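*Asks:* Read off the chains here:
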Amino acid sequence: MNRVTGLLSKRQFNIESISVGRTETDGVSKMTFVVDVEDERKLEQFSKQLNKQIDVIKVSDITDKQIVARELAMIKVLTTPQQRGELQAIIEPFRATVIDVSKESMTVQITGNSDKVDAMIELLRPYGLKELARTGLTAFTRGQQLHQTEVKPYSILN
Amino acid sequence: MRASTEPKPAEGKQQTIKTGADLLVEALIEQKVETIFGYPGGAVLPIYDALYRADGSFDHVLPRHEQGGIHAAEGYARVSRKPGVVIGTSGPGATNLITGIADAMMDSLPLVIFTGQVAKNVIGTDAFQESDVMGITTPITKHNYQVQDLEELPRIVNEAFHIAATGRPGPVVVDIPKDISATVFERDVKNEFHLPGYQPTVRPNPLQINKLREALIGARKPVVLTGAGILHAGGTEALKSFVSNYDLPVTSTLLGLGAFPGDHHRFLGMAGMHGTYAANMSLYECDLLINIGGRFDDRLTGNLQHFAPNARIAHIDIDPAEIGKNVPTEIPIVSDAKKALDKLNELEPATLDHAEWVEKLESNKQNYPLWHNESEDVILPQYLLRKVHQLTDGEAVVTTDVGQHQMWAAQYYTFNRPDRWVTSGGLGTMGFGFPAAIGAQIADKDSTVVAIVGDGGFQMTMQEMSLLQERGLPVKIIIVNNQALGMVRQWQEKFYDKRYSHSIIDTQPDFVKMAEAYGLHGYKMESIQEIDRELGGILNSDKPAVIDCRVVQQENVYPMIAPGKGSHEMIGVSKP
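Listed in order, the protein sequences are those of chains A and B. Quick note: the first sequence, position 114, residue 114 per full-length UniProt numbering, numbers continuous. Quick note: the second sequence, position 62, residue 62 per full-length UniProt numbering, numbers continuous.
The shape of chain A in the complex, shown without the other chains:
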């Protein structure tokens, strides 16, 4: 982990997010990066530099693949008791849930791709965001790869 993040800063890659976690295999972790790269060459370097690390078993670029990608965000919004119902109505279409309520705030949890999370945050912003935490994106390729139409930001799945 240190090796990888150190490497990326040393080589001046712009990382938007990293998420790390254990996998189905003992001793093997999976890291998902969302990276901002200028061109194909930079992308190729990125993937080669990761591959070069002894502890990295596999690197795949899933930018142009069909993927399922999710991140989780927790948002603490300022609320008066009167506004609670209103907020419920906002978050409901996002299938977000309220996980904590206090006198002047409410904490909402949302899971989804980054655009969906962004969209809900924007809707909540006018109420006043007290705290915000996002996990970063983690992703899989879909079991079946259909023809890709939508252009996604570059990402690397390792």
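Derived from the structure by calculation, the hints contain no laboratory data. Nothing here was measured: the structure is a model prediction, and the numbers come from that model. Incorrect hints may appear among the rest.
What the hints assert, rightly or not - Partial list, computed: chain A residues near chain B (C-beta under 7 Å):
id, residue
1, V4
2, G6
3, K10
4, N14
5, Q49
6, K52
7, I54
8, D61
Claimed, not checked - Listed next, the stretches of chain B that the computed footprint assigns to chain A, with coverage defined by at least 3 CB atoms under 8 Å from CB atoms of chain A:
id, stretch
9, 137-149
10, 323-333
11, 516-522
Heads up, the beta-carbon is just placed ideally off N, CA and C, and yes, glycines get one too.
Start from chain A and add chain B according to the hints.
*Replies:* Showing chain B alone in chain A's frame:
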């Protein structure tokens, strides 16, 4: 765990009780380590105790500063092509090794470095002589380990040697907490290893080899650039065959010198910032550039916008991440340099349509040779280096630091054989040359080893004269003494309007007396006549010597590609 046919040990009672450090020593013996460059200290006391018990198993070289030790290990590794083994203690012991680790990383030298660490239960508490070796060495190692459990130790040692020496070589650090090396254990620890994330590609893809051959046949202006990858792979002979199969002109990177004979009629000289006119123009004008085992370093390419603008680029490298890193590459060949050349040599040789090109390069070579000022009395550094070549028949191992003396050595000590040239290329480390010469001499006892050093760099690691005294190693130290940090001074002269900010060091020790203080012969030479008269005898003696050669201070290295310029924009190509 044992085959039932084997006699059973009497309930484990007969097994010898040993410590983790003994396990380490056994693993080193298994790796056929002969020489260790190490410095003891608190956290490696158990290891040193095990080395004491294993007396006679290794030649332990005790430098007088850890940096000297690791540079010596680098020199040893470069000349022997075996991993250099280094031991240092925790904290300052480890941090003193950092420059050498970074240097080995940049120049792809195989090192295995064992650092002591404070005991596991105090790691992270800012304990006495604690430093975060893993954190510090991560960006400058090929890989690093901290041993967490005794059981892992033999496996890690084996992995470390494997990683250091295979693929693109590099330094591997193994950090060993003191309690682990001190733990007593009963034998029988498995040491097989499994590195699923490390499988270097060493064989070339045949399709790419064919593509390169097709490109060669279509080329009118081909040129080969040799890098150190050829030396690491032992590919010199294969390269010679390849070059003669197609009658190709050859140029070299700094570290690739010696991969191809410097006196060969198709050799154009070194390319890069202080390369020859013929070499740099061949890179600029070629239509096919075949880089074998070089990494397109910025000192080679100059401004990338003007680098080989009309060429198709073929790049053979064992490290895929080097291909396309700096220069877009049309024909990438991930392979060990020798294996790729062998494959190329299996194909039918061809006569290329490149007579005009070869002729042009030849005329560049004749019309724009290296030049320098002349003198009848004071010593010009170029004269000195040429003389060193003559007096050692070009057979010596030559080591250098970084700077003017390094460039003059590269230009004027023509290397005709591989593994004779040990220099700090990528990192550009002052103080590298002399200790590297010690390691080189240990690896190659029969060769003349000459450390060409500047007066600045020598003062950074000159305490290692103790090792020459102690071992009688016949290293010859030639101080190219211009009483200045010559390359800094040259840049200040050229690019900072002669504002010589802190680059003139005219207060110096008496190097002859310094040598004598260490029981060595010291000589001071101030004229060509002295060089002509005495240097031969000194270089050919079997005694170590320190030769303080006073050279002209204002002498510059030419030709030069100024920073930011392209390889066709050299200055100082001809004598003004």
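*Asks:* Go through the numbered hints given earlier and state which of them the structure violates, listing their numbers in rising order.
*Replies:* Failing hints, ascending: 1, 4, 8, 11.
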